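Heads up: the sequence shown is residues -13 to 355, going by this note's numbering.
Since the hints were made in silico from the structure, they are not lab data.
Because the structure is a prediction, the values reported are computed rather than measured.
C-beta atoms are modelled at their ideal positions from N, C-alpha and C, and glycine is treated no differently.
Not one of these hints is a red herring.
SDA-like cross-link-like pairs, simulated, lysine to any residue; straight-line CA separation at most 20 Å:
(1) K299 / A147
(2) K288 / G146
(3) K123 / M321
Here are the in silico distance ranges between beta carbons for each label pair:
(4) R294 / R344: 34 to 42 Å
(5) T126 / V324: 20 to 28 Å
(6) K200 / R314: 51 to 59 Å
(7) Q317 / H117: 27 to 35 Å
(8) A87 / R314: 17 to 25 Å
(9) Q105 / K200: 50 to 58 Å
(10) Q303 / F94: 18 to 26 Å
(11) I157 / R80: 31 to 39 Å
(12) N236 / P318: 55 to 63 Å
(13) V199 / E129: 49 to 57 Å
(14) P127 / E187: 42 to 50 Å
(15) F94 / R294: 32 to 40 Å
(16) Q105 / E129: 13 to 21 Å
(17) E187 / R345: 52 to 60 Å
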Amino acid sequence: SDSDSDSDATDSDTDSEGHDETSEDSADETTLGDGSGDEVEAFRKKQAKKRQGEATRRQVERQQMEIKLAMEAANELSTRYNWNRPDEYLIKERLKVAVEAIRSRSSFLRSVGDYDMMQENRLQTHWWVHHETSEAKFATPNEAKWEELMKTGHKTAVLGAADEWGVYEDIYKNTFYYKEVTEDYRWERPADAIEKDTSIERCTRLTFGAKSVKQNWYSCEGLTDYLRTHIDPTADRFKACMPCAKKLLNEVHECVADEARGHAALCHSGLGVHVARLKYIRSSEAACNVYAMSQFEIAGGKEVEAMREMQIKVKEQNTELIRQLQMRRQQPCVMACVPKEYPDGKPKGVRSWHLCRRRRGSEVIFGWQ
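Work out the full structure: start from the sequences and follow the hints.
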């Protein structure tokens, strides 16, 4: 009935427009009344052609309107009432199944805003899923980007040998690390984000090398003899810096080392010399030579070795981070349903929905890769 009303309205408009055009044509003919017969005839043909074009245009518009109304009615019926599942519903349903399948094979790391940060167990790659909508993302959500977290986070501590790492906590109670010198952000604690121990005393040789520097130094006659006899015949004297002298005295133990005198003496394990006889000599330029005796370990030696191991770990971590970043760019992840079998019928070890990477070196051909 609405279509009929529109048609009637269109017809009335058409009639009124036609009546107006006829009136205009009559007025034009009256104006050309004094002209020659050929001019009047040409004018009438022109007006007739114009009226025919207008009628055709109105007919096309009417047909287009009818088609539009019919399509809207059909779309309304098919959208609201349909026995078959719409494609949009099927896509969302499959996407939900895919996200849940991949989520079951991932480990939860942390929540940031409306998203959970997950780590897929097979590829060890990070991805994000929305709490409510189950929307999956491989790119970092805006609220989880470092610049946004820094706006609302606060510094809680400093770590590193030079206090280079800042420890921060965001509004979601997550801890992350920031190194201002290199503008480096990390969720996991870096290997060089160590707690600095100011109580550790290190041998002056670790700081100044073999160079003689003014310092308090200690010596022992027995150790001087041992140094000259077994290690360096040209050695001037056994010299121990204050940190090494303290370390040696802490390592001695009680043993029967001087039976001739009939009493126990303090000596260092492995040496028949009395380390307890170490005594302060003076403050002058000297270089500690405790390192030359394999039985001893210089003060801070373990810490130096630990520092070297830490530097190796830092290098390995940085190399791995660079590798992962390059892989994300060159081989992005997608959610894919892996078939159960190979083309030859052999069953696959990996099946169902998984995170998959683009094959290394593959090219895009007509949109496929």
